[in-house]
Amino acid sequence: MKKMTINGIVTQVEDYWSILEACRFYGIDIPSLCYHDGLSPGGICRLCVVEIGKGERAKLVTSCNYPVEDGLVVRTHSERVIRARKMLVELLLARCPSSKTLQDLAAKMGVQRVRFKVKNENCILCGLCVRMCAEQMGARAIGFAGRGINRRVTPPFDIKSEVCRKCGACMYVCPVCQLRCQGPEPPNVVCGACMNVEPVCLQDNEDVMCYLDTCGWCFKVKPVSLKKKSVYGKEKMEGG
Amino acid sequence: MSGRRIKSAPDLEKLRQEVISKRDPKKTRVAICAGTGCLALGAQKVITTFKEELKKQGLEDTVEIRETGCPGFCEKGTIIVIYPEGFYYLQVQPGDVPEIVEETLIEKKLVERLLYTDSVTNEKAIYETEIPFYKTQMRLLIGDNINIDPKKIEDYIALGGYSALAKVLSEMSPEEVIEEVKRANLRGRGGGGFPAGRKWGTTRNAPGEPKYVIVNCDEGDPGAFMDRALMEGNPHSVIEGLIIGAYAIGACEGYIYVREEYPLAVENTSIAIEQARDYGLLGRDIMGSGFDFDVKIFRGAGAFVSGESSALMSSLEGKVGAPKPKYIHTSVKGLWNKPTNLNNVETWANVPLIINKGADWFTSIGTERSTGTKIFSLVGKVNNTGLVEVPMGITLREIIYNIGGGIPGNKKFKAVQTGGPSGGCIPEGFIDTPVDFDELTKLGSMMGSGGMIVMDEETCMVDVARYFTDFLVDESCGKCVPCREGLERMSEILTDICEGEGKEGDIELLEELAVVMMDASMCALGRTAPNPVLTTIQYFRDEYDAHIEEKKCPAHVCKALIEYYIEAEKCTGCLACLKPCPEGAISGEKEEVHTINPEKCSKCGICYDTCKFDAVIIR
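Residue numbers (the working numbering), protein chains in the order written: chain A, 2 to 241; chain B, 5 to 623.
Note that these hints are calculated values from the structure, not bench results. Treat the hints with caution; some may be incorrect.
[What the hints assert, rightly or not] Taking lysine-lysine and the DSS-like style, the derived pairs with C-alpha atoms no more than 27 Å apart in a straight line are:
1. A:K55 - B:K330
2. B:K330 - A:K3
3. B:K171 - B:K26
4. A:K118 - B:K507
5. B:K171 - B:K330
6. A:K55 - B:K446
7. A:K60 - B:K300
[As the list claims (entries may be wrong)] Over 12 Å on every C-beta distance to chain B, these chain A residues come out as not near it, computed from the model:
8. F117
9. N151
10. K161
11. R166
[Unchecked claim] Here are a few chain B residues that face chain A, going by a calculated C-beta distance under 10 Å:
12. L63
13. V309
14. V336
15. S480
16. C481
17. L491
18. E516
19. V520
20. E593
21. K594
22. E596
23. V597
All C-beta atoms in this analysis are idealised placements derived from N, C-alpha and C, irrespective of residue type, glycine included.
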């Protein structure tokens, strides 16, 4: 067993857990899109980021693949974390507004606008299907091809795969295929139809968890102000 | 092949004496740079012409031609140095060769027009030490390039090569080597600046066998070629450093990861490895010490992101070159999940120097926290482009003005971009900043691998930010969301701004996006990618504002925001601009004022360049 602090609570966790597993064990909800219990962690969607360390050395890490350590101090819903998550959801939503999973996530986290041009892609490249096919189905019928913005999921060489058994596991795990959002079309990218509860949060206390939910809904992201003409270091670039 | 194996340190010394004694120091030697820069300028032709000319004159036996590595002054290639005198000829063309043979080799006279001429004082410089480009430099790593034929190990051995390896294998324990490198405070030259000694120690102490050492020669920054010049010009210095590192770490296998785009580096390094093997400097029982180590070349397919350590190792394993999460360092779990030490070409090349001359000597160079020298590739709007090696702590001004010779065409200096595409733009106000790892980071830029792009007043900083962002959009592996999506959106917003479609709030959105990318990206590519955008916003915000609010590009670069027109008072009606205009947008009669039809104008700028009376104006 290892001893670590999550949101100010001292916890005992299993040696082989990741931070995400530890948090979920303690009932703390951390959003994730590319994580699945039965698959290796990908660290791709970055939504599961948490803040570890103190002061100057504090940094964001993906909780799905960060192993627990003795004495680790984790904040799952600090300002920095929420800022990152909200931006990530906004980016993903701009790419793929038809995913109900994403729309729900946006509603839950209070992302109410998308400031980027909408792309209407069908895939967020989370890689769950690729890992599902390789790790659970043992087929490796699909994989990633291309680099950067040309990255896509496809059978090798874009030809119909002979090893695909059409089991449908890839579709089953897909956070985009699963459910389609029936909400309004662009320019109102954010549907918001499912958002009907407005929880009340304890604000401004990063070491204490909200008693209702750990969604970050009520958190208002302040604009980042970078001090003009001042000399700044990378680590000092937090907002506020 | 020699077939001779070096069995001990004295044996190496004996070989060195043999090599030296076979050479006549008074023999005329023509060193011709055969680095990529000079080859592109026609060095191969110069070399063949030289050989033919010597044959004609019957001088084949008395004059030695040596095809060497890059001495750095690429602006003035092809470079030829004639020894023993040391005459330094620049910009040599094949047509100059007969004259050089006639005048200098036979008559022992100078060919004045090939010497370096100062652009201001018109003074000639005969020797390397007199040329301002070299005066301020401290060329510990690339200084020997002009004396070494990279295809001949004997040249390297004659200059004291492999003596550091001999010293290490015969006198020092692995721990002592690591301690020495730690004391020298050698920091990684690839970008991160992590202390090499500490990394070596971690790999040595990490559980797991075998251990690996890797040379990172996946240099991909636009305009940077330091590693290339070292790998092409003096591969043995890197290999020697690598063997020493392997001994210190306890590795028995090494890789040199060279990108396929560097064919000469691959060729020269392959030859160097063969020759080192022949002499028993690689392979089993190196120099009779019982230490086994061998090295292989791996040719990368040329992805920028493969320069990142975990991506490079994925690529070496035969997988796609994409980074992996590094919560467990590659020095503990790297290549094939074994402890792996990866260092940049330049870092490895520094190791023999530290061993030979000692950590105290090394720390005496540079600043307290950044020791030694650093090679920069000085490019862009600067008179003397090329490779410069300077002690750390030298100011940007010294590099740009003393070594680089200032900005061409009497233009004003605007900014310098350091650290490759993910570095930042440093404005004129900070030109007296000492160049070292920490100072550059404080300014929001970074040392990176040593690219240095100088920009003059005709550069639009928004356009620069867009250029580097676009480069990174292409080069991002696309694995994680903040880097892939963030960069694409960043490029989208910047393109909008450049095309006059920027709107209020764009700058703030860029900043918000940048902070998240720096926080949440998986690897250093995404975490440093916003640097060009952030530094240009920080130092040149007025230019962004001008683009967004006034729809004007102050540097007259962004085509959508400029307009060409002809000033009536200055136009003489010479028709010079009218003819070359590809769109037929200019109308007018002879000796009458011409006009540009803005609807037809494609803003190519030909009229602006053609007009001798400065009548064409950009507004």
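For each hint, the structure was consulted:
{"no.": "1", "hint": "A:K55 - B:K330", "result": "holds, 20 Å"}
{"no.": "2", "hint": "B:K330 - A:K3", "result": "holds, 21 Å"}
{"no.": "3", "hint": "B:K171 - B:K26", "result": "holds, 25 Å"}
{"no.": "4", "hint": "A:K118 - B:K507", "result": "holds, 13 Å"}
{"no.": "5", "hint": "B:K171 - B:K330", "result": "violated, 35 Å"}
{"no.": "6", "hint": "A:K55 - B:K446", "result": "holds, 21 Å"}
{"no.": "7", "hint": "A:K60 - B:K300", "result": "violated, 37 Å"}
{"no.": "8", "hint": "F117", "result": "violated, 5 Å"}
{"no.": "9", "hint": "N151", "result": "violated, 7 Å"}
{"no.": "10", "hint": "K161", "result": "holds, 22 Å"}
{"no.": "11", "hint": "R166", "result": "holds, 24 Å"}
{"no.": "12", "hint": "L63", "result": "violated, 54 Å"}
{"no.": "13", "hint": "V309", "result": "holds, 8 Å"}
{"no.": "14", "hint": "V336", "result": "violated, 12 Å"}
{"no.": "15", "hint": "S480", "result": "holds, 4 Å"}
{"no.": "16", "hint": "C481", "result": "holds, 6 Å"}
{"no.": "17", "hint": "L491", "result": "holds, 8 Å"}
{"no.": "18", "hint": "E516", "result": "holds, 5 Å"}
{"no.": "19", "hint": "V520", "result": "holds, 4 Å"}
{"no.": "20", "hint": "E593", "result": "violated, 48 Å"}
{"no.": "21", "hint": "K594", "result": "violated, 50 Å"}
{"no.": "22", "hint": "E596", "result": "violated, 47 Å"}
{"no.": "23", "hint": "V597", "result": "violated, 44 Å"}
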